[in-house]
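**Student:** Here the protein sequences come in this chain order: L and Y.
Residue numbering for the first sequence follows my numbering, starting at 1 and increasing by one per position.
Residue numbering for the second sequence follows my numbering, starting at 1 and increasing by one per position.
Treat the hints as calculated values from the structure; they're not laboratory data.
Do not rely on the hints blindly, as some may be mistaken.
[What the hints assert, rightly or not] The calculated EDC-like cross-link candidates involving lysine to aspartate or glutamate, where the alpha carbons are at most 16 Å apart (straight line), are:
(1) 366(Y) to 71(L)
(2) 246(Y) to 137(L)
(3) 77(Y) to 385(L)
(4) 331(L) to 397(L)
(5) 77(Y) to 137(L)
(6) 246(Y) to 136(L)
(7) 82(Y) to 344(L)
(8) 66(Y) to 10(L)
(9) 187(L) to 397(L)
(10) 82(Y) to 10(L)
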Amino acid sequence: MIAGLAPTREVLANGVTVLAKRTSTTPAVTLIANLRAGSVHDTAELPGVAHFVSRTIDRGTERYSADELAEQLDSRGVTLAASVTRHALSLACTCLVEDLDDVLGLVADVVMRPSFPAAEVDRRRGEIVTLIRQDEDNPSVVAVETLMSMLYGSHPYGVRARGTVASVEHIDRQVLQRFHAAHCVPKGLSLAVVGDIDPARAIDAARTTFGDWTGGESVDVTGMPVPPASGRHSHVVSMMNKSQTDIAYGFATITRQDASYYAYSLMNNILGQYSLGGRLGDSIREQQGMAYYVFSSLDANLMPGPLVIRAGVSPANVTKAVASIDTELQKLVDSGPTEQELQESKQYLIGSMPRTLETNMGIASYLQTVEFFGLGLDYDVRMPDLLRAVTPAHVHDVARRAIDPANATVVVAGPFQGPLS
Amino acid sequence: MPALEPAAQSTSPVYEEVLENGLRVLIQSVHTAPLATVWCWYRVGSRDEVPGLTGVSHWVEHMNFKGTTNIPRDQIKGIIEKYGGYWNGYTWIDQTTYTETATRDALDHMLFIEAERMRSCLYDPADCESERTVIISELQGGENDPEQLLDQELTATAFRAHSYRHPTIGWLSDLQTMTREDLYGHYRRFYAPNNATLVIVGDVDRANAMREAVKHFGTLEQSDVRRRASTVEPEQLGERRMTISKEGTTAYLKVGFHAPGVTHDDFFPLLVLDTVLTGAKGLNLWASFRTLPPQRSARLYQALVNSGLASAVNGALLPTEEPFLYTISVTATDGVALDRVEAVTLAELERARTNGITPQELQKAKNQLRARLVFENDSITNIAHQLGFFQTIASWHVYPSLSQRIEAVTLAEVNRVAGDRLKPTSRTVGRFEPIR
Chain L
1 MIAGLAPTRE
11 VLANGVTVLA
21 KRTSTTPAVT
31 LIANLRAGSV
41 HDTAELPGVA
51 HFVSRTIDRG
61 TERYSADELA
71 EQLDSRGVTL
81 AASVTRHALS
91 LACTCLVEDL
101 DDVLGLVADV
111 VMRPSFPAAE
121 VDRRRGEIVT
131 LIRQDEDNPS
141 VVAVETLMSM
151 LYGSHPYGVR
161 ARGTVASVEH
171 IDRQVLQRFH
181 AAHCVPKGLS
191 LAVVGDIDPA
201 RAIDAARTTF
211 GDWTGGESVD
221 VTGMPVPPAS
231 GRHSHVVSMM
241 NKSQTDIAYG
251 FATITRQDAS
261 YYAYSLMNNI
271 LGQYSLGGRL
281 GDSIREQQGM
291 AYYVFSSLDA
301 NLMPGPLVIR
311 AGVSPANVTK
321 AVASIDTELQ
331 KLVDSGPTEQ
341 ELQESKQYLI
351 GSMPRTLETN
361 MGIASYLQTV
371 EFFGLGLDYD
381 VRMPDLLRAV
391 TPAHVHDVAR
401 RAIDPANATV
411 VVAGPFQGPL
421 S
Chain Y
1 MPALEPAAQS
11 TSPVYEEVLE
21 NGLRVLIQSV
31 HTAPLATVWC
41 WYRVGSRDEV
51 PGLTGVSHWV
61 EHMNFKGTTN
71 IPRDQIKGII
81 EKYGGYWNGY
91 TWIDQTTYTE
101 TATRDALDHM
111 LFIEAERMRS
121 CLYDPADCES
131 ERTVIISELQ
141 GGENDPEQLL
151 DQELTATAFR
161 AHSYRHPTIG
171 WLSDLQTMTR
181 EDLYGHYRRF
191 YAPNNATLVI
201 VGDVDRANAM
211 REAVKHFGTL
221 EQSDVRRRAS
231 TVEPEQLGER
241 RMTISKEGTT
251 AYLKVGFHAP
261 GVTHDDFFPL
271 LVLDTVLTGA
281 KGLNLWASFR
291 TLPPQRSARL
301 YQALVNSGLA
311 SAVNGALLPT
321 EEPFLYTISV
331 TATDGVALDR
341 VEAVTLAELE
351 RARTNGITPQ
361 ELQKAKNQLR
371 ARLVFENDSI
381 TNIAHQLGFF
391 QTIASWHVYP
401 SLSQRIEAVT
411 LAEVNRVAGD
421 RLKPTSRTVG
431 RFEPIR
């Protein structure tokens, strides 16, 4: 790192957190509003509410109809993207500097005063059902969702965020309003403003738009027990209308706050990220030519998230590909990483920070992550030393704990009928 | 030399130089982050392929990551990663390109890799064989997606003669039979300085970057590219239709019209028309399509999505060297008959063709496009992509003139182009009808 990002952070009197950073690459500003209103708040009886809120929150407010909002944003070239994850509901957009006050006003209106008009709710329900049907026909989505449900059972991480066709039919305007009132509150909002705008001016603008908002406490869902790994489990979902088979192979791991997070992160990079998919890419793509894509990803979260290995292979190679994943994991469990591998992954992760922080959207997303996990405003400066402190023994130790093939859950979806062994 | 509209004080004009061996070098200093990006472009894509060898350009792209005379295969990995860098490449109908973005001190390594890639790749027979199955896996992954399948079939139906008709990934049987000699011959013919553009953008000193470029590329030999004129697509004389009947859950519609190449006078008026119909996407193939367009007040969104008939609609007019396609893609809402979706889509297109657009719509479309052009210039990777992309299909000068060209479009031009280009006789209608 040359110098720290040094963003400005201010908590308004009502609890709204504002993060601001000036850049001058383009005459534009990126806004991300993150609310602690993710799908973990859905109930087992009615999954899909948080996602439904994300599809309707910008379809009308107390001041504007859906068409008026659309016209205001479209005429400025602005796309307001609403999305939901396990823990956050996010609204993100980029606008020209000259439009910032107007656009921030619209975003604030959407966050604070959505009206969920009944006709809009009905229309978006049809869209959501279509999305669920498309997912059901997508081997990659089917493999990952089945894996998550096997790893987590009834834990919120195991439930499909979009809900089911049946649950979505039962979600109406009142349900959405109740969810919004309970979870979209000032104390749960962090707003990132990044672009060609002075941070003091950005914070003033945020105070003007959000300062009068009132609401209750923000309570996230944490501490729910994750089912312990016990032995190996596998499952095949046959989709004979498809050409390629998707493999999702994984484990439940740790929280982002866990002291061994940096060792896990480096292990994941060595296993399935570095260059073209780490050791897995070397073996399965480069040496054996079995897959166009193979990689691993780690989602350490507020509760223990998954490490997932993904590969797309020809149905004839499924058994061989799963065996190769087993082999690579076993090697890392038995012998740990080499000094050189660890060094390379550290260099890569540390060196990629300026790239991550090049664009306004990159910086705004990074600031939200730092805020969400409480990593501190100087995290970009501290991160290199946190990675440098990890030794091969640390990585070997977490590999032994986390990725033993004997405790793996393996799901295959596509034109394959099994068996898996 | 015309300068790019400066986004900030820290951006310099584009510098252009053609080496004796024909390599065109474009350099722009942008000092907003301690990074540098290199894109190396070749004027070769799937339109340069003949039956029996479809997919060869894309397969060659894959082979060009597998070791060179001076970079043993197992040492490629790590050269750029050491600098926190990202590398990639892509092949499409008119172009093949390779990129690295990393901290600025990696510039020498990036140029070394690209110079090696241009003339010294190995094409080890075992590597060619092992990559065959990787490519077939990529093709099969694409077939899993009904929208991609429909796009491929629609393109093959809309074109009878021009080589834009076959997919960039190639047809399966060609991928099964192509040989190492086919791949290597294609590589040696098209990968040469006289068929390439090298773009360097970022926190670099212009004179120093030019010296580095000459050092790495100056002695590379030219190739006899033997470029042949493409077959001209004969005029389409009536509507064409195709249907895919396959197991699935969701119905899709795709309508294609023959579109102008990027240098044709109709291109920008048609881009404005698309913005009115489906919202502004921008013109960066690398970046523009990763975010949804502002489209909720667009005509087709209102008619299809806001009416509940469709869950998504999108339009695509991509800059190409020769006339390609303007397409509209629609996802039918679960339970809605595809016939209804098609009837409303075609009626809206017909309304635009016969009545044109309004002055208010023209102005809104221009505002949207102007904003999108600003947004997609937000990184050195994107800026360098655009310079090389436009140089490969036309001239890099198109890029800094985009906003003026859009601003200059008149209502009369849009309405004339709507009348000429959206004729039912020149459209192709594709349907994906799921068998449940």
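**Student:** For the pair we were handed, residue 77(Y) and residue 137(L), check the Cα-Cα distance against 16 Å.
**Tutor:** Roughly 36 Å between the alpha carbons, so the hint for residue 77(Y) and residue 137(L) is violated.
**Student:** For the pair supplied as a hint, residue 246(Y) and residue 136(L), is the alpha-carbon distance within the 16 Å limit?
**Tutor:** 15 Å, holds
**Student:** Tell me if the straight-line CA distance from residue 187(L) to residue 397(L) falls inside 16 Å.
**Tutor:** Violated - the C-alpha atoms of residue 397(L) and residue 187(L) are around 39 Å apart, more than 16 Å.
**Student:** Are residue 366(Y) and residue 71(L) close enough, with their CA atoms no more than 16 Å apart?
**Tutor:** Given that 16 Å is the threshold and the Cα spacing comes to 14 Å, the pair holds.
**Student:** Need the status of pair residue 331(L), residue 397(L): alpha-carbon distance at most 16 Å?
**Tutor:** 13 Å, holds
**Student:** Do the alpha carbons of residue 246(Y) and residue 137(L) lie within 16 Å of each other, as the hint requires?
**Tutor:** 12 Å, holds
**Student:** Quickly compare the C-alpha distance for residue 82(Y) and residue 10(L) to 16 Å and report which way the hint goes.
**Tutor:** Measuring from Cα to Cα gives roughly 36 Å; hence the hint is violated.
**Student:** Residue 77(Y) and residue 385(L) were given as a pair; does the straight-line alpha-carbon distance stay at or below 16 Å?
**Tutor:** 24 Å, violated
**Student:** When you check the alpha-carbon spacing of residue 66(Y) and residue 10(L), does it fall within 16 Å?
**Tutor:** 50 Å, violated
**Student:** Tell me if the straight-line CA distance from residue 82(Y) to residue 344(L) falls inside 16 Å.
**Tutor:** 6 Å, holds
This entry does not satisfy hints 3, 5, 8, 9 and 10, going by the numbered hints stated previously.
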